[in-house]
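Dock chain E with the ligands against chain F, hints included.
This is what each chain is made of:
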Amino acid sequence: MKVKKGFYLLISIVILIASLMFSASVGAVKMPLKSIVDVIFGDGNSTDKMILLNLRFPRIIEAAFTGMGLSVAGTFFQGLLKNPMADPYVLGISSGAAFGASIAIVLGLGIFGLQFFAFAFALMTIYVVYILAKKGPYIKMQTMLLAGIAISAFMSSIISLMMLLNHDEMSQIVFWTMGGFSLISWSQIFYTVPIILIGCITLYVFSRDLNVIMTGEEIAEHLGIDTERVKKIILIVGSLITASSVSAGGIIGFVGLIVPHISRLIVGSDNRFLVPFSGIVGAAFLVFADTLARTVMAPVEIPVGIITAACGGPFFIYLLVKNKNKEVK
Amino acid sequence: MSIVNVKDLHFSYGMIQALKGVNFKIDDYKMVGILGSNGSGKTTLLKNISGYLKPSKGNVFIMGKSVYKMRAKDRAMLIGYVPQDMYFDFEFTSYDVVMMGRTPYLRRFQRETEKDASSVKEAMILTNTWDLKDRYVNELSGGQRQRVYIARALAQEPKILLLDEPISHLDVKYQIEVLSILKQLTAKKILVFAVLHDINLSSQFCDFILLMKDGEIISMGTPNEVITAENMKMAFSVDADVIRNPITDTPLIVLSKNKGMI
Ligand SMILES: Nc1ncnc2c1ncn2[C@@H]1O[C@H](COP(=O)(O)OP(=O)(O)OP(=O)(O)O)[C@@H](O)[C@H]1O
Ligand SMILES: [Mg+2]
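From first to last, the protein sequence lines stand for chains F and E.
Per my numbering, residue 490 is the first one in the first sequence, and the count goes up by one each step.
Per my numbering, residue 407 is the first one in the second sequence, and the count goes up by one each step.
One chain only, chain F, in its complex shape (with noise of 0.2 Å):
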């Protein structure tokens, strides 16, 4: 069994290490293995040091992070709401952040005011939905949900207004909300990977505790696991790895979903290898992605939150049809 869990292990970073120099290989340039290899250890021609170093590096790597830190957040949160369905942007994150970010183009305050509004309002709405939720010391999972879907809704509607009001900038939300990685340097890899890996770590140290709590908030208590505190760090930390690759590469869909639920069908719910499984699959499958989102219709660049939705939304209605044999069965 553990031997099985530490071979798929492997493989998924096999997969990631693939998908890494198949990104950094392909575009208007090709750029051969051994060029990629060279510019990696500091030998290369300039051009290729060029389109590697400033271009695609920066882009794979902020691709990859936000991939495993939405994966690795859905991992909890599904986890932590007893909810299948749950992701890293059900509590209103995302609408947050996106209301945040409309708000920044509306005002053209540029690239930076728009990832620190996004970041800021993202945080600002998992905050009221947590008020909302709590009731004295204890937070309650069905209300915090439920507000967040409420909230959600709120912000999608002034959104929408926003959009009717402004239609310059109409163009510029849209684009912004489906998510992607064009824009990005390594000015904006320096702020969120830190807080995405550092993230990560913080709640991979909770996978065993969060094992009991998904079998139970009161068996956990009872083994001694102070669960409202372990609720609340998945809670902040989660919420800060979303917030910050939200506002670098905007709303990306169905991988903070996908993921966790491939993830668990392969290796199980034992966070303790699901929550490391799933972060490199997330990782692999948002640099393939984002590789298609500026590769397919080159040169023109497809957001990379349309390839995760058109590859998400089949394989959600597999995991319905496969629940409803399984009832009937």
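Just so you know, these hints were derived from the structure itself, not from any lab.
Hints are not guaranteed to be accurate.
Said to hold, decoys possible - Straight-line Cα separation of at most 20 Å, SDA-like style, residue types lysine to any residue; simulated pairs:
(1) E/K479 x E/M469
(2) F/K494 x E/D540
(3) E/K475 x F/D715
(4) E/K539 x F/F762
Frame of chain F; chain E with the ligands shown alone:
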């Protein structure tokens, strides 16, 4: 010193007073049955003893220490709890679930040791769940699942085991089997509290019975002392005849007077 000493325990859920001054002491490792009608406060009492709920007034001392003052981990090494009903739709194997019982013994980054594995195996063999170890818990029958949860509580190696209706999902064979297992535990110096609805099985298996009604204990003592026609009338509002079980020589209730009651 008493193993468990419950003093003047009061507990309310908002406006609903669920416990109105519960007092009792248990001095030996034995099997204690908690009986009473639906809503009489049995589950609430268990959760107060385990320290999960905090009383508005009163205290619970375990071997002289207040449960509410213990560290959560220390409490989890002392008290095992099997809740009334739980179901979750995640795929954890029975083995993994029982291993969760070792949580209080493990530091955050510590791997499970041989000791943990042997403790889990022992608990699973005792509860007859070792054959189910690789099966997913959400795909087990209610009775199999119940036994897995008992195994998890045993893996905690508690001195006090609290079970909320541990046999309500079980067929008659496993009812007897689980009660026998619980009874055996008392010889291993575990004090067992079980909320039960089957009065005759309680009479046969318990050493001591707490009979509850409306948040109070209305009678406590040996089955002989507690299971009387008068008490059954008081606690459950049924007319029962109490005869003697000729084989076990314990009180046996017969409800033949209540045929037309519905
Ligand atoms: N979470 C809760 N919130 C409000 N009231 C509650 C809650 N849990 C229990 N109660 C109330 O407290 C009283 C005692 O409930 P408790 O669950 O302890 O009864 P019980 O003896 O275990 O009943 P049963 O045999 O049905 O399990 C009941 O009146 C019940 O309605
Ligand atoms: Mg109950």
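- Does the structure keep F/K494 and E/D540 at a Cα separation of 20 Å or less? Holds, at about 15 Å.
- Query: Is E/K475 close enough to F/D715, meaning Cα to Cα at most 20 Å?
  - Reply: holds (15 Å)
- Given the hint that E/K539 pairs with F/F762, test it: the Cα-Cα distance must not exceed 20 Å. At roughly 19 Å apart (the allowed maximum being 20 Å), F/F762 and E/K539 satisfy the hint.
- Query: Quick one, are E/K479 and E/M469 close enough, alpha carbons at most 20 Å?
  - Reply: It holds: about 16 Å lies between the C-alpha atoms, which stays within 20 Å.
Violated hints: none; the structure is consistent with every hint.
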